[in-house]
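Peer 1: Here are the chains, one letter per residue:
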Amino acid sequence: MADRERITIAVLGLGGQGGGVLADWIVQLGKRGGHATQGTSVPGVAQRTGATIYYIEMIPAGGAAPPVLALTPVPGDVDIVLASELMEAGRAILRGFVTKRTELIGSTHRVYAIAEKSAMGDGRASAERIVAAAGERSKRFIGFDMDAVAERTGSVISSVLFGALAGSGALPFPRIAFEDAIRAGGKAVEANLRGFAAGFDAAQGKPEPQDEDVRTIIPTTDAGRALAARIEADLPCEARLLALEGVRRLMDYQDAAYARLYLDRLDSLGSNAELIAEAARHLALWMSYEDTIRVADLKVRASRFARVRGEVRAKDDQIVQLTEYMHPRLEEVCETLPAGIGGRLLASKRWSDRLAPLFARGRHVETTSLRWFLALSLLAGWRRWRRGTLRYQVEQARIEDWLSLIRASDTDAAIELVRCQRLIKGYGETFERGLGNYARIVERYRAGGLDAAGLRRLREAALADEEGAALGAALAS
Amino acid sequence: MAERSFKAEVEQLRLGDGGAFHGEGILAVTKALLQAGVAYVGGYQGSPISHLMDVFADASELMGELGVHFESSASEATAAAMLAASVNYPLRGAVAWKSVVGTNVASDALSNVASGGVTGGALIILGEDYGEGSSIMQERTHAFAMKSQMWLLDPRPSLPVIVDMVERGFELSEASNTPVMLELRVRACHVTGSFVARDNRRPALTVAEAAEAPVRDPDRIVLPPANFLHEIEKIEQRWPAAIRFVQEHGLNEHFGPEADEIGIIVQGGLFNSLNRALELLDLSDAYGNAAIPIHVLNVTYPLIPDEIRDFCAGKRAVLVIEEGQPEFIEHELNTLVRRAGLATRIVGKEILPRAGEYGGAVIRDGVAQFLRAHAPERAPAEAPVAASPALLPSAVPQRPAGFCTGCPERPIFSAMKLVQKELGAFHVSADIGCHLFSILPPFHIGNTTMGYGLGTAGASAFRPRDRRAIAIMGDGGFWHNGLTSGIGNAVFNQDDNLTIIVDNGYSAATGGQDILSSRARPPGRKTNNPIEKAVRGIGIGWARTMTRTYDVAGMRDAIRAALTSEEKGPKVLVAQSECQLNRQRRLKPQVAKAMKAGERVVRERFGVDPDTCTGDHSCIRLSGCPSLTIRPNPDPLRQDPIAHVENSCVGCGVCGEVSHAAVLCPSFYKARIIANPDRRDRFRQRLRGWAIGTFQRRAARAIAARSF
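Heads up: the protein sequence lines correspond to chains A and B, in order. Using UniProt numbering, you'd call the opening residue of the first sequence number 1 and step up by one each time. Using UniProt numbering, you'd call the opening residue of the second sequence number 1 and step up by one each time.
No wet-lab data here; the hints were simulated from the structure. The reader is advised that the hints may include incorrect statements.
As the list claims (entries may be wrong) - Once the Cα atoms are required to be at most 27 Å apart in a straight line, the calculated DSSO-like pairs of lysine-lysine come out as:
hint	chain 1	residue 1	chain 2	residue 2
1	B	K7	A	K31
2	A	K187	B	K568
3	A	K187	A	K315
4	B	K596	A	K315
Unchecked claim - Label-pair ranges, simulated between beta-carbon atoms:
hint	chain 1	residue 1	chain 2	residue 2	range
5	B	L587	A	E466	34 to 42 Å
6	A	G205	B	R201	53 to 61 Å
7	A	R363	B	Q420	21 to 29 Å
8	A	P174	B	D306	48 to 56 Å
9	A	E467	B	T335	55 to 63 Å
10	B	E604	A	P174	55 to 63 Å
11	A	K206	B	N447	49 to 57 Å
12	B	N447	A	D353	32 to 40 Å
As the list claims (entries may be wrong) - Partial list, computed: chain B residues near chain A (C-beta under 8 Å):
hint	residue
13	V396
14	R399
15	G402
16	A699
Even for Gly, the Cβ is constructed at its ideal location relative to N, Cα and C.
All chains should be built: construct the whole structure from the sequences, respecting the hints.
Peer 2: The structure is reproduced here in structure tokens:
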């Protein structure tokens, strides 16, 4: 076992990611390179988006007898692990395939699992932990974002991974042999070779072209400069960047006066830096609540049209038509009306019953048609009268109520109260659920006997499930 | 048409003497069948033997030339009953399915054919779906072989051995007048390798010729008194004949030294894993030169008493490596050793795990423990204490299987989730098929599954007062048996439940094979038989077909209507949309061709506006689409990741429909991308572009003026 000629390779990936093609290439490569080579896989339901393993063994041909090659990887006996996604590299480590004899070659991008995606807040697993373990446990870890490389080269992850395998030098075959295996496959050869070359270079440590993303916030208007100066003068260092973002957001949302109101409110919260920084974030978010005006405004912007074109990869000569799935209910419509009218309509059962059916169905809003574009633009322009809308008055009252509760609390509890704004998000029923959870927590807090830790526990419980079971249990305990 | 095309593999089926066949284990079996002069082949698709069925389906021309009859059977029972052709005639026949589930379905016919016995060789090819990657209950086919007294081959996973076993299997069947099972584990079905081919053989007698010259022997029919005669035949004639054949032809193999104080007996299918385990213990090499005698059971039933006696004689202890439970072989070995008057200790499940797959690591640890107890001088040093784990299992999220991107079954369950939100939870009897993924996140729908096509039957005990039970059934399961076992039963017994039949046009979970209600028109088959017509024909009064499952609100309303209808009696809702995997495979080449030819092509896909998405993920909880995922929030103030649609989106529309039906959020948009626009498109676009552009420029100036 000490000095063996056999090479064992495990490929871990997700169903539909092209792991089978990669395994075929490796088998071809081994055979053409004078090795008896055997591959196995476990298709079946795992093909439908689950995690899959392909396993390959090779040994120089020409032995006295046909070799006996294994059909499953044995922990501690795998020379090369190829993982097409970061958590699959993690799974290889977890299953004991990665040891000090193992070259671990994997993509560091993430394909989120359903549990991570469906969490009500942030359910993502820690990537850092996997990357650290990969470096620590393997003989060598070659990891980079192969999804980005595939994207950039118009290729697929399997060819980038195959390139990285070649570039790692872990197999006793020259580069040309790898490329021949791709050519022999006969499918999308050009694109696969592009991805292969990029993967090869990346594994050899050649730097990737990268665009620097430096975020700076520089005011462009007089009003902006005045507010920036005020932030500089009044707010603690920790809160400034967030406050600048907040001011920028609220000027875009409404106007400079509204941004000044934001800073006034921040000023009223005292001087604790952590509290102010948290409040700078959450107050800005609450004050830029998503009403129909805001949604319409964001939907019709030229910058949005351009972004969508990029996202759907429309070529210059292609036409892109956009349809929005909007479902304004009677509540949202009334909230956009002047407070007096909107409030009365909602309060009157007769009117509500008569009007509700008009807004019971979702609308397919074709923003790129002239008719809908003008309608949405008109709604976006309603911004000028936003302060008169029912929703504005309701939200400002809620915000003031929240702020006064924060002011009346000790610092630790105040910070947790500020963070409870995170529960209020979304639209329609989602918004009502979040607001309801927020209200239950605040009500419980007002009843007394709840400290900062208790607030945090309740907030986390509110994000545990949609039905509110965890929050109900936490409130009862 | 199946998910994969097997044109290249079909070419390999034509190889003649001396040609080199390269490919997967299960494809080697297809070639071996033709080399063995098989006269007819049937079976029911399912992992891991789907490829066998698919290759034969694609090879109709060659089969025609050879005079071999092939059919995709309606069920495993149908396939097993086909073996009746080998009872009276010297016809070699083979059937294939996924085991143990398929063997369960087939067992009525299998018992009959095994009782009466066969004249022509009858081979049952079983894909043993056990261990990692399996989607079924963990049981052994071995029990079926024992109870019906059919012989069970478990060949060493090497293509030449597998191919040889097919040929030998027919011979064994003929020599002992007994059907023979050839069991291949999942990885053996998919292992790549090669073997030297031989010419295909035309069957000596074709099924057509047999039908022209009928032969009858009432002694082969299971009816008194022949049934009693069969049992005696099994014991007095067939069993001894089988043992003689296996022994004379040396079907079981020996590795390692002849004499030793210890030895190992292993199922053939596990030999490679055993050799690897021994290699890791420095007790073998990569070529199977083991330092301990190994008796390889390529035939796991029956055991050959003389072989066992000879192998065990003079050995203190023998380790038996037998996967699965109960440990039938170990029991039998103990009996044989006792009857032979030997004192050899048989060691098996007392040290090896009682349950689960035997991979290299499990066997290595088992052998090491065996050596420590029975040959300590050859035992490896105690393994060092394992280092602390680098990662906790919780650090790596699970990836349960789920519906594919754009799957038409997803919106059915989104709709069910919405109905349950309104009306409360329902008892849901699930079925076998892709739709069973509904039990997993994010849907969490389904209480039980009792077998293929048995969704409705699984709900039949429920006699609702005011809350009906829901049964799910796939089109595959429906034609397999659900029409009679479920729908017919519900009509006859006047159930008051709802059956939702998922009609995606294929037997999708097994690889996209055609079935009775498929919309494709493959040659030599009769398709396009509507499910609604079938259920009405059997007496269903309340039946509706929804022709677009993606209409989530429509699906929701239809399900609600069925659950709240005043009308009593069983209700059937056929939910119809094409399997997206197969649809894409069908459409992609067409679209690429049209694009290339400069024709107008409209592509649709969905997206999420990052500035209106607030990161609650309600949409994901109602969908679970692989292309609907999350990404870091680009908004510096917001912390929760936002929803994001990847480019793999096929534009099925469920995201949008769900957000409408569930009143979620306005962040979803549908983009229609028109490639090679025609003159009318371009004219309209210029007009709109000019007007909208003017407004947008004005708005942009206003935004800039009030901006930071």
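Peer 1: Confirm or reject each hint.
Peer 2: Checked hints:
no. : hint                          : result
1   : B:K7 <-> A:K31                : 22 Å, holds
2   : A:K187 <-> B:K568             : 56 Å, violated
3   : A:K187 <-> A:K315             : 24 Å, holds
4   : B:K596 <-> A:K315             : 14 Å, holds
5   : B:L587 <-> A:E466: 34 to 42 Å : 36 Å, holds
6   : A:G205 <-> B:R201: 53 to 61 Å : 58 Å, holds
7   : A:R363 <-> B:Q420: 21 to 29 Å : 26 Å, holds
8   : A:P174 <-> B:D306: 48 to 56 Å : 54 Å, holds
9   : A:E467 <-> B:T335: 55 to 63 Å : 58 Å, holds
10  : B:E604 <-> A:P174: 55 to 63 Å : 45 Å, violated
11  : A:K206 <-> B:N447: 49 to 57 Å : 55 Å, holds
12  : B:N447 <-> A:D353: 32 to 40 Å : 39 Å, holds
13  : V396                          : 4 Å, holds
14  : R399                          : 4 Å, holds
15  : G402                          : 5 Å, holds
16  : A699                          : 7 Å, holds
Against the hints set out earlier in the document, violations occur for numbers 2 and 10.
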